[in-house]
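Enquirer: Join the two chains, each given in its own frame, into one complex according to the hints.
Top to bottom, those sequences are chains A and B.
The numbering of the first sequence is the numbering used here, which starts it at 14 and goes up by one.
The numbering of the second sequence is the numbering used here, which starts it at 860 and goes up by one.
Heads up, a few of these hints could be off.
[Said to hold, decoys possible] Only some residues are given here: those of chain B computed to face chain A with a beta carbon under 7 Å:
| hint | residue |
| --- | --- |
| 1 | Glu-975 |
| 2 | Gly-1113 |
| 3 | Ile-1155 |
| 4 | Asp-1246 |
| 5 | Gly-1282 |
| 6 | Val-1313 |
Keep in mind the hints are simulated off the structure, nothing from the lab.
Think of the CB as a built atom: it goes at the ideal place given N, C-alpha and C, for glycine as much as any other residue.
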Amino acid sequence: MQTVTREALRPGSADDIQAALLDADAAGSSLRVIGGGTRRSMMGVAAASMRELDLSAISGITNYEPEELVLSLRAGTPLHEVEAALAERGQMLAFDPPDYAALLGAGGARTTIGGIIGSGFAGSRRLSAGNVRDHLLGFDAVSGRGEKFRAGGRVIKNVTGYDLAKLMVGSWGTLAVVTDLSLRVLPRPQYEATVLVEQGDASVALAGIRTALASPLEVSSAACLADGRSAIRLEGFRASVEERQRQILGMFESRGSVRAIEEAESAALWRDIRDVAVFASDARVVWRLSLPSLSAATVVATIAKSAACTALYDWGGSLVWLAMEGEAPAGLVRGEVSKAGGHAWLMRAPVGVRERLATAPPLDAGTTALSRRIKSGFDPQNRLGDGPFSFGTNR
Amino acid sequence: MSLRMPAPDPAVLSARAEVIKGLRRILENDGVIGDDESLIAYESDGLTAYRQLPLAVALPRTTQQVAQILRFCRERGVKVVARGAGTSLSGGALPLADGVILGLSRFNRVLDIDLENRVVVAQPGVTNLGITEAVKKHGFYYAPDPSSQIACSIGGNVAENSGGVHCLKYGLTTNNVLGVELVTMDGEILRLGGKTLDAPGYDLLGIINGSEGMLGVITEVTVRILPRPQHARAALLGFPSVEAAGQCVADIIGGGIVPAGMEMMDRLATLAAEEFLHVGYPLDVEAVLIVEADGIDAECDHVLALVNDIATKNGAVFSRLSNSEDERLRFWAGRKSAFPAVGRLSPDYYCMDGTIPRGRLAHVLQRMNEMSERYGLRVANVFHAGDGNLHPLILYNANEPGQLERAEAFGAEILRLCVEVGGVLTGEHGVGVEKRDLMPEMFSEIDLAQQMRVKCAFDPEGLLNPGKVFPQLHRCAELGRVHVHAGRVAHPELPRF
Ligand SMILES: Cc1cc2nc3c(=O)[nH]c(=O)nc-3n(C[C@H](O)[C@H](O)[C@H](O)COP(=O)(O)OP(=O)(O)OC[C@H]3O[C@@H](n4cnc5c(N)ncnc54)[C@H](O)[C@@H]3O)c2cc1C
Ligand SMILES: Cc1cc2nc3c(=O)[nH]c(=O)nc-3n(C[C@H](O)[C@H](O)[C@H](O)COP(=O)(O)OP(=O)(O)OC[C@H]3O[C@@H](n4cnc5c(N)ncnc54)[C@H](O)[C@@H]3O)c2cc1C
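Looking at chain B on its own, in the form it has when it is part of the complex (with noise of 0.2 Å):
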């Protein structure tokens, strides 16, 4: 691996058999894993080209248990890393190997299910889908739905401020939570909002989102559910070009139209699912956009005839609109299989995930196309097309000496492309330790100061998934002192402006 993780505490691997001790008594003997080989199956996340076995795992059962493991860890200077169900693309949940990995998966039961109030209260441990599944039958759904979510835990979606191809018209995970029990790194518990559709104070409910488990252990989270709509319908669009894709959405969106899904796939991706499933998708062109409503009939069948309008007068040279359900899923097929698709065509890919103004996308595909000339690997692109969230494949073979550092190198060109053209590093799988060192290419040291000083309100200490997000791990008290400002100035009794 090619990034430095925090130099381990020799004290806390030496202490190793001690820490374990103390962890089985807190568990009472049930969830401790210290053997390595038993270890291995948590040496890293999504992320996988970064291995590390972590000191211990704990997999508590209680609220009071976590706080209680984190009173211990915090009182022996014990690092700990949160895990969900692993998932993470950017090794948010890598461990560290003088630190426990606290398991959230014995939590996983769905709480309540409060119709009259349209929430559900889980704990941290079941899955995305699972939530759905629980409201099912009563006719609701949760909205985010990451393309993960059979296996993705709600936990690690909140850390994480996950999305999912639904997002535009129904937000992200931080815009659907409206509570979270918290256990902070000294054992305190805190409940974050609620049932209500506003939470008082800071909205520390609101930072806890996308925080990438560095703030609290979330031992609880309740989701707002809405009502699964009577109908949609999708279209496929195949366009000659990218710009002209491009100007159909910026079209659409401009027309008044906020789709329930806009997704967009270039050629290598397009081809990649066409010969993966046969879905039927047009193979002689640059661009296929899928563009979904959703909603009672009428608004499903007004949209979609907007739609096709708009992608008709952008030159869509293919265009189909589902008519039956198992149409519309086909379409969706193509789409939701295309990270597998594409991993046929090479050993190895490399997912990344910047956002740009969609404005941007021919520009910056072309520049790609470039990138992808000079380092000699291929990119498919897979792109929310509606919120500008681009996730370019980079394929390589990691049995290849060199390759994958050339495509961790390419994958970095295009993120500082991304920020360039105005857009940013991440839009839904996080900083973790992938992306830690781009951070200065979008803050200074005094955003990242500001940052990490919320980070010190919470964990003073830094024990909680250090070495995540921040390229360089301060102590709180020097950031007292980071303060840059420009000198004393003469007179301030005078007016100045």
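Same shape as in the complex, but just chain A (with noise of 0.2 Å):
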């Protein structure tokens, strides 16, 4: 599927990016923003004329202000390395970037924070703390017309101008190539719990998900597991999460039999749940469905009647990773999950099927012709691909 026949370009500037967009337009191609790799089998199948534009070398954090509550940094810094920043000082990237390179076999490749906000996909904690979308606040990027520009600030609080950098979030480098960037950072929580539930199939589960969810208790994250656990996650103060932990434990002993799992033990299920480590060593189709929580189960049930599969549920029920054997039948999936007012992505698959799906959902005819005027006003020539979309210029 790698048709890219020439070297990558390895830009050190905004300047170099610029000269790489003119040198593309005056050549009549196109070029595809990198940041690590790790979510290139996704980024739709590329021109023979597209050269990879590695942003590896557009990294570093330029300033960090943890009483501001504020990072600023180059847009190829790799994930850990903003990950290590922040726990030096008690905080972390509240939307829980996912590191997807396991399950997209995409191994020892380095996650960049320009791919985390490229792809746009927040971790277990979006329930609670938002998508990666809310914790943008300004940008610097090259867009597609080769020109320079700015948008957002330093700032929580900002309404200055209209709010570009929700476009930059989930575009798939196929507007502009963003350079530097400044997040909202949030403390880390001191401690963390998580009480695991043994009780019935997935819909008896998400309901006592939503339960939990009802409740005054701020749950942070709540899954149910492929083998049919349901897990339930209390962040903060140590005295304030075993409390909540007490009365959740309480809400549930009656409904199946409940056990807590605390700090590096609960953090590690966590990082698996957020991964999707369950399906990350099998060769199986992965679909990433979102729904409205309520639906998620009948949803599920109702494509399992067709097809085998096993889901796991995050997001208390609205984010479900669901892994099939042998083909990938879209149209049953997409179908049913359309039908509940949802959407699905097609996360993992094998060369074939990709070439004869789309990867990203599909939109409506409305919403298709305004997008490919959003992208004609960054990137008119399509210098920049269309990414996994089916709106773009060209197609």
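Expert: Structure below.
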């Protein structure tokens, strides 16, 4: 599938990126932005004339002010470097960036912050702490036009002009090449515990989870694992977590067998849930479904009637990871999901399947047309390609 | 008014009767206002220094009617300004002489209370507080709480991306809205997002939030609701200097605490509030800080004890921890009525809304005091201390010739200062007409062109709320040519770096 023939370009500055775009313009070719490449398999089929623009040289933290809850950095900075710097000051990226390198068979690759922003997938804490989009405060970029521009700022509260940062998140490098960005960061909770419950099937488990989420006990993440257990996570100051843990245990005692795990053991479980470790070591097709939580179990049950599958539910049921044997019945999956008001990403699939199916969820006609106009506003000549989308200018 | 609005289109002005007739046809003679006397109610929003009678007002009830009105106006080149409750403080809903006001006041129903998915679907004219009222009995609430929440509409909140005192922990409007139904200027009805926690494709919902009514008319909003915290407790703290209070805020956050709310008031704002309500604020301090914790008892008690320690270490000379709900509300009452309280000190006041990096607060207040002397106008400050959003209230008397102009010049200088120290022109009130001409302080021509191209993707003819946000009106076709790169590069085939 990798039809990229020439070596990657490795710009060291916004000026270099601008020059690369102008070159592409002159040659009538296009570029594909690569952070660390862990999600390359999802970026769509590369055109023969496409060159990769590897951002790994545009790297490093430029300004970190823990008391301001703001971190500024260059887009190619590897995620592990960011997390280490934050951990040193007891802080974190609250949207809980996932690492899908193992899931997507890109083992050894380094996820970059630009790739996290570009693909826009949040981890398990999205339920309580917001999405990737909720944490990007501002950025500098070179648009597909080859123009350097900036939007947003370095402060949390800002409504000065349109919120272009939202458009960058999840745009898969198709609008502009981000060079620098500022993120909102938050204190890392002092303590965490997870209540594990074994009870009935997924629909029973998710109903229990919804009860916990409707309580004022500030559940930070909630999942129903592929083995049927539910996991309810509490984070914060130890005194508060312990009391809430007691109340959650009480809530579930009569529903099934319950136990609690704490600190490192809890954190390790949630890392696995977030990174979808349960499906990393097999070869099945993996879908990522986003659904109203109440519909999740029903949608999965309907799909399961026609195609054997295993589900991992995160975000209180609103995010479903579905692993399926053999062919990917896209019509069935996308049909059921969209009937319920959700959408589905084809996260992992053999090359043959990828070529036939859209990776990104299809959009309705009106939104597609509007998205195409947005794309033209940033990148009228389509120098940055369509990524995983099918609303691009040349397809 | 000192700002220029786009010149009215004489053809539209002279076709007024026809436009009104067309609107009446669409709305079946119910909800079109065309006489000047009744139009006065719509001549301004919360920024009352700016007034303009619109061409007409249309008050539709259904999305289909909104679509028809927009299509009708577009065909005739008539501009449209959407209006919620008209509480905007930046002139976002200021009418245009040749434009129709599309009022959403009849879109006032909560459509779906979905407790299982923890969302509410409401029409855009429902008030912010109306959403909380609708779910209160089930133990839920809608978190963003602008001070105007009894009046402002949820549609207006989305358009302005409004904030409130609890945003530090719970986020702004944009972080709590999951979906909208939107009608674009060509009458197309779009649904963006829904009851899911993310949406596919470009984040168009994200760009609608804070777009100040310029991209489309919002006809339905889906928001996330949260279980109401069991308890809330607040600390009322007094400091001998702004620096000490600022350091206390930094240490609270540095100490890993994200309070539910953290508000600061300077001496003048504190005095005004205390005189107005007698809530027990200390009067011998330079800064008052209110810090709130919410959650279960163990959470509130633990956080407040930490906050109290940090305050003591930073030299707080006054400290009370609320021991009852009554007391907590009393602490807040002064802050919540700070605007009317300051209003009693002066015939008029002008409310500013910059954001600064919190660490620069003392410096900014110092510079503001110098300006205050120079302009001969007093200024009181209330500050969303957690997120750096500063509301200087400039006191003036509009009946004294020149004072309004001086107040505006003072305000503009404050906002330039905010940008100079690394902050922004507006934290929650929006650019509107008020800060429109200051936009180049923050953005280059290219930055602004990129924003305007987004506008063009939604509204290529520029008919929806023109004259707001952008200092210069460009035709969309011209923007294509703003393309200002450095010219062709030689030898494109050679590697460059
Ligand atoms: C020459 C070379 C070859 C490589 N080959 C492979 C390989 O075959 N397989 C492999 O797994 N790893 C490979 N790598 C490693 C790879 O660079 C990293 O694994 C990868 O960059 C990490 O990806 P990511 O997770 O940061 O996001 P990516 O997967 O790089 O990006 C995710 C999405 O975000 C977009 N994006 C990323 N950064 C930005 C930005 N700054 N602005 C706008 N959009 C952005 C991308 O266009 C993409 O759509 C290679 C590296 C190099 C230098
Ligand atoms: C006393 C007072 C206190 C305030 N306190 C706060 C505060 O604490 N925090 C804060 O953030 N703001 C505050 N505000 C400002 C104001 O209340 C908010 O900006 C509010 O969101 C505006 O809502 P509205 O319904 O009044 O909108 P309007 O004033 O009617 O309109 C505002 C903008 O939104 C657009 N708009 C309105 N409805 C729609 C729609 N359905 N579709 C598309 N566009 C639409 C309009 O075109 C206009 O550009 C305060 C205002 C006052 C008067």
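Enquirer: Give a verdict on every hint.
Expert: Evaluation of the provided hints:
Against a cut-off of 7 Å between C-beta atoms, the interface hint on Glu-975 (chain B) holds, since the closest Cβ of chain A lies about 4 Å away. Hint on Gly-1113 (chain B) holds. Least Cβ distance to chain A is approximately 5 Å, under the 7 Å limit. At its closest, the beta carbon of Ile-1155 (chain B) sits 6 Å from a beta carbon of chain A; the interface hint therefore holds under the 7 Å criterion. This hint holds: Asp-1246 (chain B) has a C-beta 4 Å from the nearest C-beta of chain A, less than the 7 Å allowed.
Given the 7 Å rule on beta carbons, the hint for Gly-1282 (chain B) holds: about 5 Å separates it from the nearest Cβ of chain A. Against a cut-off of 7 Å between C-beta atoms, the interface hint on Val-1313 (chain B) holds, since the closest Cβ of chain A lies about 6 Å away.
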